[in-house]
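With these hints in hand, go ahead and build the complete structure from the sequences.
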Amino acid sequence: MPPLIRLAHDAFAQVDDRFTFVSDDEPAPVGDIIVTLARYLREGDGLVGDTRQVGVRVETDQSVEDLAYDLSRIPVVELSFAKFRDGRPYTSARLLRERLGYRGEVRAVGDVLREQAQFMVRCGFDAFVPADGSSADQWATAARRFRHVYQRAADAHPPAFDERATLAAEGGAGDGHAL
Amino acid sequence: MYQYDAIDRAFLTDRVEEFRHQVARRLAGEITEDQFKPLRLMNGLYLQLHAYMLRIAIPYGTLSAVQLRQLAHIARTYDKGYGHFTTRTNLQFHWIKLRDAGDILADLAKVDLHAIQTSGNCIRNVTADPRAGATAEEVDDPRVWAEVIRQWSTLHPEFSFLPRKFKIAVTASAKDRTAARTHDIGLALRRGRDGDLGFEVMVGGGLGRTPYIGKTIREHLPVSRLLSYLEAVLRVYNRHGRRDNIYKARIKILVAQLGAEAFAREVEDEWAKLDPARVDLPDLELARIRAFFAPPNFDVLPAVSEAFEAAKARDTGFARFARHNVHPHKARGYAIVDVSLKAPGQTPGDASAEQMDLIADLAERYSLGEVRVTLEQNLVLPHVKLDDLPAVYAALATQGLASANIELVSDIIACPGLDYCALANARSINIAQDIALRFADPAKAEAIGELKIKISGCINACGHHHVGHIGILGVDKKGEEFYQLTLGGSGAEDAEVGKMLGPALPAGRVAEAIDELVEVYLRERRDGERFLDTYRRTGLEPFKEAVYATAH
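If you're matching them up, the sequences are chains F and L in order.
Quick note: the first sequence uses my numbering, first residue 321, plus one each step.
Quick note: the second sequence uses my numbering, first residue 20, plus one each step.
Because the hints were derived from the structure by calculation, they are not lab data.
Backbone N, C-alpha and C fix where the C-beta goes; we use that ideal spot for every residue, glycine too.
Be careful, since some hints might not be right.
[As the list claims (entries may be wrong)] On the chain F side, residues computed to face chain L include the following (Cβ under 8 Å):
1. ARG405
2. ASP406
3. GLY407
4. THR411
5. ARG419
6. GLU435
7. ARG442
8. CYS443
9. ARG465
10. PHE466
11. ARG467
12. HIS468
13. ARG472
14. GLU483
15. ARG484
[Stated by the list, open to error] In the EDC-like style, the derived pairs of lysine to aspartate or glutamate whose C-alpha atoms are separated by at most 16 Å in a straight line are:
16. L:LYS184 with F:ASP406
17. L:LYS292 with F:GLU418
18. F:LYS403 with L:ASP53
19. L:LYS194 with L:GLU156
20. L:LYS234 with L:GLU285
21. F:LYS403 with L:ASP263
22. F:LYS403 with F:ASP381
23. L:LYS267 with F:ASP406
24. L:LYS292 with F:GLU385
25. L:LYS56 with F:GLU435
[Said to hold, decoys possible] Some residues of chain L that are not near chain F, with every Cβ distance over 12 Å (derived):
26. ASP119
27. GLY121
28. GLY217
29. PRO241
30. ALA281
31. PHE317
32. GLY336
33. SER371
34. ALA414
35. ALA466
36. ASN479
37. VAL494
38. PHE501
39. GLU543
40. ARG555
Rendered as structure tokens:
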């Protein structure tokens, strides 16, 4: 079982995963589980109980909007990267955070590589199951590779234009030498 | 020109460090070529037939003299002494060693250059009108918006793993020098009825296996809403573009399948849900960027230069150069000068380190330190005084750079072809050379007038053959190089995909066939008609007859 790395309060740490993924043809065991979107939409009401929490795995070709009315009781949404170069989960994560106001865990699973770490964090992922054996420290380094970013996304990183506005307001010089 | 600040520079430093680390891991054998491939591609490093190729981004085709000189230094130090300017106004070095790649990126970063997003399925280096800031035709300076897009698209966290590559061009003149309608998104700045600036947004153009001319999905997008609208287009594409087939993954296929109207509705729906305050650029930053493109202090000069007029009267070669390579400038007494990289017999778009140095010197001395790259694979000195033109011409001639053939038959676009590229079916460069030599007589070329020949060595169409007035596509027939001709294409404001002339021709027949096509045009043309106009009037038949008559 590859490790689960979680981002909380600006720190990355390896944590125990209390959720078990249950495929559609398996009966739900005792304890917290993650099921497919199809199963959740079909059986969600029956699976969720006083003692059990149920997360949902969303594949690249599925819409997170389908969960819009259930998100308040979903503790974790897993966005699956079928291939690392399939970029749809980045949009799904941003929609969860910025449009649907989701505050629970957004977890990256599947073909999850260190080189994507900063993109994922910026789009609102806060949990990662790396497929490349990355440790929490390696993941943290990769996620902080770039000190500056150029656009607003789902994270709190101020874009370059905000940094510049702050510098200008403080009277600081952000200008470089002319070429 | 835009000047990097401490933030832009720190960003590049971080990028170079990241890539050095990745190259070290590859050279140490810690990662396989399979794992390394996407990482090097994100830094513009391709593995080609003989060596690595490094593609360097030249944002919207604008270079300072200092930057061009640094490119000459890299050509000399790490390559075989030359580089290749591409149709997307980038520069490629074709003989790179992997172990040098980190040092090259560091050398580039010293002059604020890089190779970010010159490959991979991301938003590629944005292009713009090479005459921006110099032509009187434009309603605004497209570089302002190209720079806005450059920053927004740089390592965009949501749009770095799109279904396929994504190319954007920005123009602000009625005459389109960016081939906007052949881009994934073409943006044309226009003034609305009440004078406000807006973009005509064209989506879904592209060449390759299935050429499409872009469709207008919005006539007048207020300029202040540019980034949110782009974000909406990209989001619709990222979610719905095909990912199961690399040849159907470009946005043009999605737009064609949905229809432009339905696609536009999807975009408008998404756009309506985006919060402008979060996505659109604040006015303060827009003003900061715009200030870098404020018109320079042009000298107050008379409209007519005696030195220029006298030189034209004295020297017919210079007079020809003035007719074809010198264009009107918005400031009185100045001109825009095209520097042709298409001397007959040369590889189109190639420039030696010495040539780059010379052009950098000329830019510094005569053109306010600026150079531009065109999609026709030529260079531009955008701000030259008429008085200085004879000196510029004489200096260019010392390095074989004074060819007076802009937009003429020998101003050919050609991809690197089978000489370099692993994808090619046939060579392109030799065909371009054959044609240029056949039409080497400048008086004849001038009599023929505007004729755009574009050559691709395979169906991926890097040489834009679909939109050549005459297009030439290299195909492989049982191990032999053959060439398929198309007629009537255009990448300009009257964009159109060319029509196939007939069966493919062997390499040895191509230049001759071009000559036959030109003869038909010279015979059939009416007053003022370009080759393209005559073709549009007469249709394919007389041209087809001339090329294939001997075969019957």
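| Unmet hints by their number, sorted upward, for this structure | none
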